[in-house]
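Peer 1: The residues making up each chain are set out below.
2 protein chains.
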Amino acid sequence: MAQPVNTTGPPRNYGVLLYRGYDFQDVSGPLEVLYGISNTHQINLFLLAQTLDPVLTRPRMAAMNPTNSSVYPTTLPTHTFADAPDLDVLIIPGGLGMRASDELLQTELKYITETYPKVKYLITVCTGSALLARTGILDGRRATTNKTSWKGVVHFGPLVKWVAPARWVVDGNIWTSAGVTAGFDIMFAFVKTMYSDGQELVDVWAKSIEYVPHEDSSWDPFSAMNGIPTQNQL
Amino acid sequence: MAQPVNTTGPPRNYGVLLYRGYDFQDVSGPLEVLYGISNTHQINLFLLAQTLDPVLTRPRMAAMNPTNSSVYPTTLPTHTFADAPDLDVLIIPGGLGMRASDELLQTELKYITETYPKVKYLITVCTGSALLARTGILDGRRATTNKTSWKGVVHFGPLVKWVAPARWVVDGNIWTSAGVTAGFDIMFAFVKTMYSDGQELVDVWAKSIEYVPHEDSSWDPFSAMNGIPTQNQL
Chain A
1 MAQPVNTTGP PRNYGVLLYR GYDFQDVSGP LEVLYGISNT HQINLFLLAQ
51 TLDPVLTRPR MAAMNPTNSS VYPTTLPTHT FADAPDLDVL IIPGGLGMRA
101 SDELLQTELK YITETYPKVK YLITVCTGSA LLARTGILDG RRATTNKTSW
151 KGVVHFGPLV KWVAPARWVV DGNIWTSAGV TAGFDIMFAF VKTMYSDGQE
201 LVDVWAKSIE YVPHEDSSWD PFSAMNGIPT QNQL
Chain B
1 MAQPVNTTGP PRNYGVLLYR GYDFQDVSGP LEVLYGISNT HQINLFLLAQ
51 TLDPVLTRPR MAAMNPTNSS VYPTTLPTHT FADAPDLDVL IIPGGLGMRA
101 SDELLQTELK YITETYPKVK YLITVCTGSA LLARTGILDG RRATTNKTSW
151 KGVVHFGPLV KWVAPARWVV DGNIWTSAGV TAGFDIMFAF VKTMYSDGQE
201 LVDVWAKSIE YVPHEDSSWD PFSAMNGIPT QNQL
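Protein chains in written order, with the UniProt record's numbering: chain A, 1 to 234; chain B, 1 to 234.
Hint data in this document are derived by calculation from the structure and do not stem from the laboratory.
The model shown is predicted, which means the values in this text are computed figures rather than measured ones.
Among these hints, one or two may not hold up.
Derived Cβ-Cβ restraints for the label pairs, each shown as a range [stated by the list, open to error]: (1) B:VAL204 x A:ASP139: 31 to 41 Å; (2) B:GLY9 x A:GLU215: 35 to 45 Å; (3) A:ALA63 x B:GLN106: 37 to 47 Å; (4) A:GLN199 x B:PRO229: 20 to 30 Å; (5) B:ASP53 x A:THR107: 22 to 32 Å; (6) A:VAL212 x B:ASP203: 19 to 29 Å; (7) A:PRO229 x B:GLY152: 43 to 53 Å; (8) A:ASP102 x B:PRO229: 55 to 65 Å.
Built from N, CA and C at the ideal position, the CB exists for glycine as well.
Work out the full structure: start from the sequences and follow the hints.
Peer 2: Take a look at the structure:
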């Protein structure tokens with residue numbers, strides 16, 4: 001059951017935008033962190049998509065699966081965009097599907113555009129920042145993305161102040177992370193900031209999932225590995 | 001379409017055992033690595049469960065969800081145990097569901113027992129080693145598990161040579177990992193060992209997902225953090 005949006009307390013209602021060809025791990029990282037804090041904080045998760053049909057991680061284009069492999073799990077949404085409850089936080093994962101045409105992604109882009117003014121925070125993981133850039137919401141803001149996919153993302157947001165190096169970037173109420181596994185780090189950093197017992201939550205749960213979070217948002221060996229020059233300070 | 005088991009080449013057909021209350025990230029970590037190598041190697045993934053119904057990550061017992069949260073994504077199996085194809089590798093995730101009674105898990109334990117003689121390799125992630133221990137297959141073997149859940153796991157395998165510290169352990173054709181995010185490291189290590197271009201696959205994909213793999217199986221700060229004495233060498 002959805003709780004009403006909590007206007008004074010820490011975030012409680014989290015939505016995740018699912019779309020054809022999203023990256024499974026981009027969703028799993030933040031959710032594993034939310035799962036951890038749900039031991040002591042009531043958390044409501046809403047998995048949102050255009051319809052209630054299973055959302056495929058398999059990309060639309062066969063060229064994106066050159067070996068004709070079947071490595072694509074399928075997750076069920078809990079709500080459609082149309083019946084999504086009010087959220088405190090919207091999480092936008094990346095994945096090859098973010099490259100699809102405006103037409104194919106029009107429902108998702110419209111949902112992001114209409115929802116941003118109503119949430120407290122937006123979080124993107126990996127190339128999820130490309131979807132957000134495509135709505136114009138990132139224009140004039142600092143943001144980051146996956147460094148291996150850098151060129152494929154930044155052209156979607158010519159007015160965005162793309163930051164490198166960066167593990168994650170916070171600009172106002174928009175949090176954007178670097179590639180895939182940075183989804184753990186941005187979510188741990190978000191929890192640390194948002195909950196009064198945040199540091200304890202991070203320490204206890206990181207130990208449980210046997211992860212050593214990167215707690216410095218400037219940690220990023222991947223910008224240099226990908227030859228991306230330093231730009232737009234954190 | 002399933003390919004026949006490849007008796008001479010590297011692993012191609014991977015199955016993942018899904019069961020009520022498995023941990024989503026225990027599955028996602030290895031799958032993200034398989035997804036990466038599928039850029040150049042044909043990989044078939046089979047998500048296996050008792051029925052084709054969606055498999056819930058929500059634990060059965062309300063006591064395991066003390067805040068009454070809804071942080072539990074649901075994934076669709078691709079095959080039942082009964083119609084599962086021949087596999088090269090079976091992956092067994094952990095999660096709170098591994099604690100259920102023998103009766104509730106009898107189908108899963110039977111599938112593991114009957115399948116082990118037919119696969120080339122078994123891989124467990126996190127407390128997935130508890131399920132394997134419960135079948136007796138780990139008796140007399142070295143294995144590891146999540147260090148925070150150590151006591152809750154080792155009692156399922158009193159004849160197992162539980163190893164600490166360890167990020168992962170290989171004994172014969174059975175690979176067992178430490179907690180949750182060790183699922184990335186064991187899978188990267190498996191790929192490095194099994195594919196002739198393994199090191200390159202690991203380097204390229206780790207960079208893409210912006211992860212620095214722990215390539216030393218003895219890396220494990222969590223044993224000491226949990227007060228687990230050193231036992232049974234790697």
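Peer 1: Against this structure, judge whether each hint is valid.
Peer 2: How the hints compare with the structure:
| no. | hint | result |
| --- | --- | --- |
| 1 | B:VAL204 x A:ASP139: 31 to 41 Å | holds (33 Å) |
| 2 | B:GLY9 x A:GLU215: 35 to 45 Å | holds (42 Å) |
| 3 | A:ALA63 x B:GLN106: 37 to 47 Å | holds (44 Å) |
| 4 | A:GLN199 x B:PRO229: 20 to 30 Å | holds (28 Å) |
| 5 | B:ASP53 x A:THR107: 22 to 32 Å | holds (28 Å) |
| 6 | A:VAL212 x B:ASP203: 19 to 29 Å | holds (21 Å) |
| 7 | A:PRO229 x B:GLY152: 43 to 53 Å | holds (49 Å) |
| 8 | A:ASP102 x B:PRO229: 55 to 65 Å | holds (59 Å) |
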